[in-house]
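Engineer: Sequence:
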Amino acid sequence: MKFAIHYSTRMKDILIFSLVISIIMFQVATLTEYSYPVLFYMQMAVNAVMLVALAIEGYARLIKREIRIQENSDTITINGALVKAEQIREIKVSGCHKAAFHLSLKDKNVTPLFCSFKFEDKNCEGIRQLTKWAERNGIAVRKIGPQTRSDMVLTSSNA
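Each residue of the sequence shown is one higher than the last, beginning at 512 in my numbering.
Note that these hints are calculated values from the structure, not bench results. Errors might be hidden in some of the hints.
Stated by the list, open to error - Simulated DEER-style distance windows between Cβ atoms: (1) Phe551 / Asn620: 35 to 45 Å; (2) Thr543 / Asp632: 46 to 56 Å; (3) Arg521 / Asp632: 17 to 27 Å; (4) Gly606 / Pro548: 35 to 45 Å.
Said to hold, decoys possible - Below, in silico cross-link-like pairs of lysine to any residue (SDA-like), each with a Cα-Cα straight-line distance of 25 Å or less: (5) Lys603 / Glu636; (6) Lys523 / Lys629; (7) Lys603 / Met512; (8) Lys617 / Val604; (9) Lys629 / Ala592; (10) Lys629 / Gly591.
The structure presented is a predicted model; accordingly, all values stated were derived computationally and were not measured. We treat Cβ as the ideally placed atom computed from N, Cα and C, and that holds for glycine.
Let's have the full structure, built from the sequences with the hints guiding it.
Structural biologist: Structure below.
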């Protein structure tokens, strides 16, 4: 089955942090009633960071991607990249309402960008199919995040 996905970015956090830094620098300049050249250049750097973050977020939202999960197969296709079940160490789920999925690969220490995604469907059918596929192939699905215990496993692991 084919499901629409989008990449999970943290650009909203960067935008909010940049906005707060920008407001603080503006307040320092207005309270002291003196223009510091250093603050001007820092403000330009913050504005550049905000523009880059907006461009990345816009690109991530506008480009359509998909994941294909075959019922009786040991492979899934994420935006054209084929991933076999034996390559996946575990599937990490973070978040509650719009959960982000991270496929941890055995030969990589860091999760590649194409292996981190969120499903776009509202009825959670993609999530059900992915967890069923993981269960059939013996891949552990582990919930991560501040509200969960580190040993919480949602499906059986490949022991």
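Engineer: Are the hints correct? Go through all of them and say.
Structural biologist: Each hint, compared with the structure:
1. Phe551 / Asn620: 35 to 45 Å: This hint holds: roughly 40 Å between Cβ atoms.
2. Thr543 / Asp632: 46 to 56 Å: 52 Å, holds
3. Arg521 / Asp632: 17 to 27 Å: 22 Å, holds
4. Gly606 / Pro548: 35 to 45 Å: 42 Å, holds
5. Lys603 / Glu636: 18 Å, holds
6. Lys523 / Lys629: Cα-Cα ~15 Å, so holds.
7. Lys603 / Met512: 21 Å, holds
8. Lys617 / Val604: 17 Å, holds
9. Lys629 / Ala592: With Cα atoms ~16 Å apart, Lys629 and Ala592 stay inside 25 Å; holds.
10. Lys629 / Gly591: Given pair Lys629, Gly591 holds - Cα atoms ~16 Å apart, limit 25 Å.
Checked against the numbered hints above, the structure breaks none of them.
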